[in-house]
Amino acid sequence: MTAPYDVVVIGSGPGGYVAAIRAAQLGLRTACVERAELGGICLNWGCIPTKALLRSAEVLDHFQHAKDYGITVGDVQADFPAMIARSRGIADKVSKGVAFLFRKNKIDSIAGTAKLLPRAGAWKPHEIEVTSGSATKTIQAKHVILATGARARSLPGIELDGRRIIEYRKAMTLATQPRSMVVLGAGAIGVEFASFYRSLGTEVTVVEFLPRLVPNEDPEVSKELARAFDKRGIKSYVDHRLTSAQVKGDKVVMTLEPKGVPGAPSRDAAAAALTLEADVLLVAVGVAANTENLGLEAHGITLERGYIQVDAENRCGDGLWAIGDVIGRGLAHVASAEGVFVAEKIAGVHAEPVRYDAIPACTYCSPEIASVGLTEEKAKAQGVPVKVGKFPFSALAKARAAGDTTGFVKVLWHAETGALVGAHLIGPAVTDLIAELTLAKTTEVNAESLVYTIHAHPTFAETIKGATEAALGHAIDL
Amino acid sequence: MAQIIGLPKLSPTMEEGVLLRWTKKEGDKVSPGDLIAEVETDKASMDFNIEDEGTLLKLLVKEGDTVKLGGPVLIIGKPGEDIAALVAQAGSGAAPEAPKAAAPAPSAQAPAAPVKPSAPPAPTAAAKAAEPARAAATPKAPAPAPSKGDGGPAPGKKLLASPLAKSLAVELGIDLRQIRGTGPGGRIVERDVRTAAEGGAAAAAPAPSEGNGRGAPAAHEVSDEDHTMTQAIAVRPRGTATEPGADFEDVPASNMRKRIAQRLTEAKRDVPHFYLQRSVDAGPLLAFRQKLNDLLGDRGKVSVNDLVVKAVAIALRRMPECNAAWVGDAIRRFHGVHVGVAVSIEDGLVTPVVRDADKKGIGQIAAEIRDLADRAKKRALKGHEISGSTFTVSNLGMFGIERFTAILNPPEAGILAVGAVMDVPVVDKGAVVPGKRMTVSMSCDHRVIDGALGARWLQVFTELVEKPESLAL
Chain A
194 MTAPYDVVVI
204 GSGPGGYVAA
214 IRAAQLGLRT
224 ACVERAELGG
234 ICLNWGCIPT
244 KALLRSAEVL
254 DHFQHAKDYG
264 ITVGDVQADF
274 PAMIARSRGI
284 ADKVSKGVAF
294 LFRKNKIDSI
304 AGTAKLLPRA
314 GAWKPHEIEV
324 TSGSATKTIQ
334 AKHVILATGA
344 RARSLPGIEL
354 DGRRIIEYRK
364 AMTLATQPRS
374 MVVLGAGAIG
384 VEFASFYRSL
394 GTEVTVVEFL
404 PRLVPNEDPE
414 VSKELARAFD
424 KRGIKSYVDH
434 RLTSAQVKGD
444 KVVMTLEPKG
454 VPGAPSRDAA
464 AAALTLEADV
474 LLVAVGVAAN
484 TENLGLEAHG
494 ITLERGYIQV
504 DAENRCGDGL
514 WAIGDVIGRG
524 LAHVASAEGV
534 FVAEKIAGVH
544 AEPVRYDAIP
554 ACTYCSPEIA
564 SVGLTEEKAK
574 AQGVPVKVGK
584 FPFSALAKAR
594 AAGDTTGFVK
604 VLWHAETGAL
614 VGAHLIGPAV
624 TDLIAELTLA
634 KTTEVNAESL
644 VYTIHAHPTF
654 AETIKGATEA
664 ALGHAIDL
Chain B
73 MAQIIGLPKL
83 SPTMEEGVLL
93 RWTKKEGDKV
103 SPGDLIAEVE
113 TDKASMDFNI
123 EDEGTLLKLL
133 VKEGDTVKLG
143 GPVLIIGKPG
153 EDIAALVAQA
163 GSGAAPEAPK
173 AAAPAPSAQA
183 PAAPVKPSAP
193 PAPTAAAKAA
203 EPARAAATPK
213 APAPAPSKGD
223 GGPAPGKKLL
233 ASPLAKSLAV
243 ELGIDLRQIR
253 GTGPGGRIVE
263 RDVRTAAEGG
273 AAAAAPAPSE
283 GNGRGAPAAH
293 EVSDEDHTMT
303 QAIAVRPRGT
313 ATEPGADFED
323 VPASNMRKRI
333 AQRLTEAKRD
343 VPHFYLQRSV
353 DAGPLLAFRQ
363 KLNDLLGDRG
373 KVSVNDLVVK
383 AVAIALRRMP
393 ECNAAWVGDA
403 IRRFHGVHVG
413 VAVSIEDGLV
423 TPVVRDADKK
433 GIGQIAAEIR
443 DLADRAKKRA
453 LKGHEISGST
463 FTVSNLGMFG
473 IERFTAILNP
483 PEAGILAVGA
493 VMDVPVVDKG
503 AVVPGKRMTV
513 SMSCDHRVID
523 GALGARWLQV
533 FTELVEKPES
543 LAL
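For the record, the sequence lines run as chains A and B.
Residues in the first sequence are numbered from 194 upward in steps of one, following my numbering.
Residues in the second sequence are numbered from 73 upward in steps of one, following my numbering.
Everything labelled a hint here was simulated from the structure, so no lab data went into it.
These numbers come from a predicted model, not from an experiment.
Among the hints, a few may not be true.
Simulated coverage check for chain A against chain B, where a stretch passes if three residues somewhere in it have a Cβ under 8 Å from a Cβ of chain B [said to hold, decoys possible]:
(1) 610-616
(2) 632-645
FRET-style restraints, in silico, Cβ to Cβ [what the hints assert, rightly or not]:
(3) 316(A) to 433(B): 49 to 57 Å
(4) 344(B) to 625(A): 49 to 57 Å
(5) 549(A) to 266(B): 12 to 20 Å
(6) 219(A) to 347(B): 36 to 44 Å
(7) 344(B) to 196(A): 31 to 39 Å
(8) 219(A) to 442(B): 46 to 54 Å
(9) 314(A) to 442(B): 50 to 58 Å
(10) 341(B) to 314(A): 46 to 54 Å
(11) 549(A) to 433(B): 57 to 65 Å
(12) 266(B) to 285(A): 47 to 55 Å
(13) 269(A) to 266(B): 55 to 63 Å
(14) 298(A) to 230(B): 32 to 40 Å
For every residue, glycine included, the Cβ atom is placed at its ideal position computed from N, Cα and C.
All chains should be modelled from the sequences, with the hints used to inform the complete structure.
Shown next as structure tokens:
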């Protein structure tokens, strides 16, 4: 058997592959085990292919509104299979990019399913059994980083059949465009698919258990999205529970109930029960961590709500670390940040702790949504005094010129220190605009410094300055 | 232009100093590097060399006065300059009229205005922004600029601090130059200012009654090696004779005493100690010492302790695993073997260091230890003579102590406590015969030295002592 690796990473998603590269950069002998495509869900079945689809939808939207810009086009047709094929092709390319980066950094890329074996002794390296088809081999590692990610989960009583009742993975490889679709769950994944299929002309209905769309975002953002979705013809039922879903012929028949105790006297009887019918039901209610058959039990690794428990430095055992979705983080860039942090910890170099208070979150529906830090509600609940400033895109000349005036930028600055508490954006380009605000939060740029930062004119970014001026009480353009 | 010079940091841990003696007087011309005073710090008496050029216009403290780190000491400038304003400024913060050494009392607050231009610029933005009140706020009490080369950031060096840290510093009256940044690249960020502000609040905590003015140590530590020492020693009100029913008296603790209290508390609390004891046959060592002293005649004398120091040094050279320190995420192995020798002095103890003791001859070690001990008692050791040891020897044999255990001297991982050589009956080849035995106790930092490792080291040490000729090799 060869000498043990310094680091073996299990999983090659945005957590795992970044951890492996950072470890290799720091001179550690590194291998990465992947049971499916390199790049994990993000590159193959998540962030990237969905962005490819949403871009197709955006281009289609542009053509459909070409007249608004003084362009006459002929008959515009969406070629659904071609859109899917483009998306798959892009996923394939970025996955190959990971293979290239692994070769470049001399990381051993091992295909197969990994399992931690019980350790022979505290002084011995960890042993990992890798199974690929009928072949099995054992590799050794001083440190193991678990980056196995998560997969879609369903709700009890709703069985995914992969044809009519599907999850996100199937939703990006359907053979034909459904005429009607119900999306269960109005989180980021749900509203992105709702947005995509609506652009293509599918009749879309969103069902959400909580009282608003994108429930993790600021309530004002949810309200703005609801308005925009309504305008685009996306129906939504918030505060509703899906009680059953049955495949009947080539349709799914679903019943909805308003949340709360069924039959409660306060409920309007007419609103009590609702039947929906659609070609496809897309279940987007969240994810479950991939922790099965990893051999965690023998190492005393504990799970809570299905996620691996780690300490403040991502340790889950002696020489064992875990990052990303498998510990419940749920965002690719957080997994990457944790991957870098853990690799630096293992290498013994300075490791800057992950700034969990300054994590940007982006949703790529139309209109786009982005946020960082606390919502106004949470800031109030935590007793953080804030000055709130809001700048609508309708007041921005650049947005007028671009023909996209939906949404706003809302910023929360600490009333006493001037530090950025949170920012909540909905509208054009906001998933890129959030970078400036994240930098402000991470590097402690205060409101005064921000408003004296010259923002190029005309740009969408001017809204950030405008909203901050509004928070300070001296908005120029409002 | 005349300026106030503050008391610089003369030892890495000093927080205040007693001005023992001026070596220059008002009107003297000085250039950088000139010795102008001697200052007693927590560790030793140190030379105060001036960094600036000019004429000493006014000495602000009397001999025997205690001065806080950075507190005004003198005014330097050109002859004939009007220094009335500076004297007033210094006077508002320092206490030049304080009584002599017995009750030194600089007030806990710093001078009202900075001596050299203060670093945190009031953000212009704040002035134009909605909060004019904040812009108007001036630093409440920035410490006077310590003179150059004291370990703090050099004046003029670009200060790396976030905009938030800067505006917060203005608001809380914190001098950013006194803060160590913990952000990426050593940048000063919000938490650093808040930490300093909390420390500052502790320093400014109400002084005990009777105007003794001794609060907690200064808030901001400057040097890197020292940042763990910021924790204040608990200070409680001192009893006085005027207090009804006070059946005790509180003897004011000297700087050294406070320092010892702090360091030993931290060491015993934070370092996982364990102890190994064994007795060694001291017969050969005594015979060898006699031989050496016969050879030396009246050119000097070698003590048992000198030989023990030499044996410790060789044992450390042979087993460098024990010449080490725990540094948080690694074990630091020292390349040099520098043996600290605990020396008892009036009101405390110091640990002067025999550098590279493994490479020095016994005679040289003996002479060095005698010189260091003599000067320690006179408090005339220099800073570099009492720092940098990698292992310590403490010997109470001269008091007839048979065995004792010592508290480690961080960051060292080992200290050897040496007892007296005792005449004891020993069993030799089945018969009880008179023998000479010495008990040594090794205290180990378990993070660095495990039981078996410590035991092996003691084995090596014992072999050296029991075959003392090897010490001369």
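Assuming the hint says 49 to 57 Å, is it satisfied by the Cβ distance from residue 316(A) to residue 433(B) or not? 42 Å, violated
Does the beta carbon distance between residue 298(A) and residue 230(B) stay inside 32 to 40 Å, or does it fall outside? 35 Å, holds
Could you check the hint for me, namely that residue 549(A) and residue 433(B) are 57 to 65 Å apart, CB to CB? With a Cβ separation near 59 Å, residue 549(A) and residue 433(B) satisfy 57 to 65 Å, so the hint holds.
Quick check on a hinted range of 31 to 39 Å for residue 344(B) and residue 196(A), using CB atoms only. Given a distance of about 33 Å, which is inside 31 to 39 Å, the answer is holds.
Note whether the CB distance of residue 266(B) and residue 285(A) lies within 47 to 55 Å or breaks it. 50 Å, holds
Distance restraint hint 55 to 63 Å, applied to the beta-carbon atoms of residue 269(A) and residue 266(B): 58 Å, holds
Does the Cβ distance between residue 344(B) and residue 625(A) fall inside 49 to 57 Å? With a Cβ separation near 52 Å, residue 344(B) and residue 625(A) satisfy 49 to 57 Å, so the hint holds.
Residue 549(A) versus residue 266(B) beta-carbon gap, inside 12 to 20 Å or not: 19 Å, holds
Please test the hint of 46 to 54 Å on the beta carbon pair from residue 219(A) and residue 442(B). Distance hint for residue 219(A), residue 442(B) holds at roughly 50 Å.
Would you say the C-beta atoms of residue 314(A) and residue 442(B) sit inside 50 to 58 Å of each other? 52 Å, holds
The hint says 46 to 54 Å between residue 341(B) and residue 314(A); measuring C-beta to C-beta, is that right? 33 Å, violated
Check whether three or more residues of the region 610-616 of chain A sit with their beta carbon closer than 8 Å to a beta carbon of chain B. holds (count 3)
The structure is inconsistent with the numbered hints 3, 10, although it conforms to all the rest.
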